[in-house]
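Chains as they are written, first to last, in the working numbering: chain W, 223 to 547; chain U, 31 to 297; chain G, 549 to 869.
Keep in mind the hints are simulated off the structure, nothing from the lab. Note that the structure is predicted; figures quoted are calculated from it, not measured. Check each hint, because a few of them may be wrong.
In silico EDC-like cross-links for lysine to aspartate or glutamate, where the CA-CA straight-line distance does not exceed 20 Å [stated by the list, open to error]: (1) K610/G with E348/W; (2) K354/W with E290/U; (3) K347/W with E631/G; (4) K294/U with D353/W; (5) K441/W with E661/G; (6) K261/U with E503/W; (7) K294/U with E348/W; (8) K261/U with E382/W; (9) K294/U with D568/G; (10) K613/G with E348/W; (11) K460/W with E661/G; (12) K441/W with D648/G.
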Amino acid sequence: MLNYIIKRILSLIPLLIGISLISFTVIHLAPGKTTDVITSLNPKVSLEARAKLNKIYGLDKPVLAQYKNWVKRFIRLDFGESFLDGRKVSEKIKERLPVTLSINIISILLILFIGIPLGIIGSVKESSLTDKLITLFVFVGFAIPSFWIALILMDIFCIELGWLPALGMTSLDFESFGILEKAIDISRHLALPIFIFVFGGLAGISRYMRQSMIQTLNKPYILTARAKGLTQNLIIYKHALRNSLLPIITLLGLSIPGLISGSVIIESVFAIPGMGRLFFESVMARDYPVIMGILAIGAILTMLGNLAADIYYACADPRIRYQRQ
Amino acid sequence: MKELLNNKPLFIGILLVAFMFLVAVFAPLISVYEYDHINSESILQPPSVKHILGTDQLGRDLFSRMVYGARISLSVGIIAVGISVLIGVILGAIAGFYGGIIDKIIIILIDIMLCFPVLFLILSIVAILEPNIYNIMIIIGLTSWMGQARLVRAEILSLKEREFILVEKVLGASNFRIIFSHLIPNAMGPVLVSAILGIAGAILVESSLSFLGLGIQPPTPSWGNILADAKSSLGIAWWLSVFPGLTIFITIISYNLVGEGLKKYLK
Amino acid sequence: MKSSHLLEIDKLNTKIFHRDYTVNAVCDLSLELKTKEILAIIGESGCGKTMSMLSITNLIPKNAKVVSGGIMFNSKELDINNEKELLGIRGSQVSYIFQDATASLNPIFTVGEQIQEMFMAHQCVSKNRAKDDAAEVLELVNLKPAQKYYNYYPHQLSGGMNQRAMIAMAIASKPKLLIADEPTSSLDRITEITILKLLKRLNAELGLSIILITHNISLIENFADTIAIMYAGRIIEKGPSGEILNSPKHPYTEALLDCLPKKGKELNAIKGSVPNLSNLPSGCKFHPRCPYVMEKCLKQEPDFIKISQGHSVRCYLQQKT
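Construct the entire structure; sequences and hints are all you get.
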């Protein structure tokens, strides 16, 4: 298995090269120099200042040299300074990343917690009314645009009913709250965003889980388990479930980019101070260093997520963990 | 044919897709008002006989705007998917057929592209170039070909070894001919399903972009940017948020129904 | 009611319900098995051997149903629809082993853990005790040293070793009957003989009755006490193995034995093909392929006709007018 892990980590190298290439290319697609934007936004910037900026960003050198420069900084995760406020890009991202990560992790946990049982029910009661209802519910969740349901829910729960706060992650007088109150305040602010993430993500997991369980329940070793006189519960939860969960891990890894993309919309609508919103703001302001930085970080997170999923799978499946004797 | 009609979800899906298509094509005939006709006297009117779906904050008729929005969304969806299928099929076929290092390179390219969260990449590029309809179509196409490529590659890998291909090789057919006349046509089944589901995806992406203000720019109506306007009238004009979103939702469901229905049919 | 019989099946009928058609997998199947007896059921693929044996403890797939018939096990009538009763019999009184042992074992548990599970489920002993018991039974099937084999996963072992592990699992709770569904069909000849020898030994040492399903007749003579020949979902001849093999009375049995490769003889195949179980011929199901077919064979299926003690056959040829 060590072999497998080493091979897997080595395969990351071409990916990292590709990520650095693409994030570099994307920004340099801009017609004209990237610094033109700042200078055009702020006519007060003098010619000397412009030349200085060009030098700092190495924009006066040929493209290949610029790329080498970029790679050197990429490795150190140094994405330069923001055009907007001059702060280090990595600082700005560091501030916002935990928020986005926490929301995503909580959402994933909830999706698993609800989606896996839904999938199991669907497989055990295949083609029953319950199964059909679950399929319908899940199909709907999959097709609803997140920004639409965000508006509708905001209208109902924040404006009409006034139960939940609409924007931001914390209330104005957050600092004066006790720990419990702080926790409740954040929960109230994040309730709708997390709900929307979970509602949309349930579709994939529960459907896949259902399919995986159905396939597993038809395997020969399940017949053996029945022939052994094991109870239905033991067969489903011990023999079938663990086998069905294996491919779900991979699926989770694959859904990370989708969740990060979704963050852009949800965080913007609900004004949550996360990385997605930072990205959106930077795009609107054409703050290229930040854009490049978040693009690269997003890709690296996805890559790491997939790596984690694959390694976990290798540990969980004895057929990969132990080779044949 | 009969099986197609018996499959209720598929049938409903096809009807809805056709309906939306007709609405888009006959937009100028159906819409009562011009989509950018500003009427300061009927601002934010709820649905009535005069304006079936109500008006927005500039007095524009929502129904007319949405009907033109259908044109935008559908054309973006179809062309973007067309581009992604073109790229995906070609790359996937080359990878599957030639194998070896070419295959490895294409696979790595696909994996790299898949690392980027879709909206991140698209938003970056749209920000750099200007957000107009043509750019959006091309960018969405350029960032969603990976699924098609993988499908085609898998199909071709399995078809490659089958007898009819070996027969063609023996008969001396050129590689080009084998790929284009024999392999690709046989691999098109899953690609068709993927393309149909892809149209739904592309429409969703375009709506999201327009909602964020980086897609279709006003005054040209897109379901997404109508919803963006609706945000400022939240709580005051429910029709502005409900109808455009509902339309996007129904459109996506209809393509999903068709796609899933065809999937079962192809099996 | 013969109390010397361990298992009695009387006119068992099992149907498989597909969307557009129904398969009569098992038709009026009757057989008896004594304690300590080894019965071999022989027949071509698709004749219903597996379905009939799975029907005994209702292990049939969801779309199949035992429509009629009586099953008596250990002098008690089995109610097919009483899942609770059957749970008490599966594994502890009646065990199964299947054809592809590696696929029939759960890939994420070690072989030892799956045997340990048997002891914990049926004997309700502690985990450690069950582990020791599992090691003991591994030794019994010659997977020594037991400690080593206990910790192997199925994919790490050969087909033959996995089959022995399955046998260990099956005899863990000291069942009275072991049903072996083509246990050696995917194994090489030498391993096949090893497995059969093992089963024979267990029969002698533990008093275990065995029903062996197979389509390979050649090894049966020294292995089985009785043979039953199955065709189109029903048993058409049964009797002591020596008699069946040396003086078969049913034309199908004759033809089957004739197919066996023998030195100096041309390879033979039986004319025609196995009937479609959802569309069976009238009367005797073998009549379309029978070289001795008579008019009455098309009209009505023959009942069992007794040839000698324990040997009966369903064929009008044996009917003494």
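So, going through the hints one by one against the coordinates:
no.: 1; hint: K610/G with E348/W; verdict: holds (11 Å)
no.: 2; hint: K354/W with E290/U; verdict: holds (15 Å)
no.: 3; hint: K347/W with E631/G; verdict: holds (18 Å)
no.: 4; hint: K294/U with D353/W; verdict: holds (18 Å)
no.: 5; hint: K441/W with E661/G; verdict: holds (19 Å)
no.: 6; hint: K261/U with E503/W; verdict: holds (17 Å)
no.: 7; hint: K294/U with E348/W; verdict: holds (17 Å)
no.: 8; hint: K261/U with E382/W; verdict: holds (14 Å)
no.: 9; hint: K294/U with D568/G; verdict: holds (18 Å)
no.: 10; hint: K613/G with E348/W; verdict: holds (18 Å)
no.: 11; hint: K460/W with E661/G; verdict: holds (12 Å)
no.: 12; hint: K441/W with D648/G; verdict: holds (12 Å)
When each numbered hint is compared with the structure, no violation occurs for any of them.
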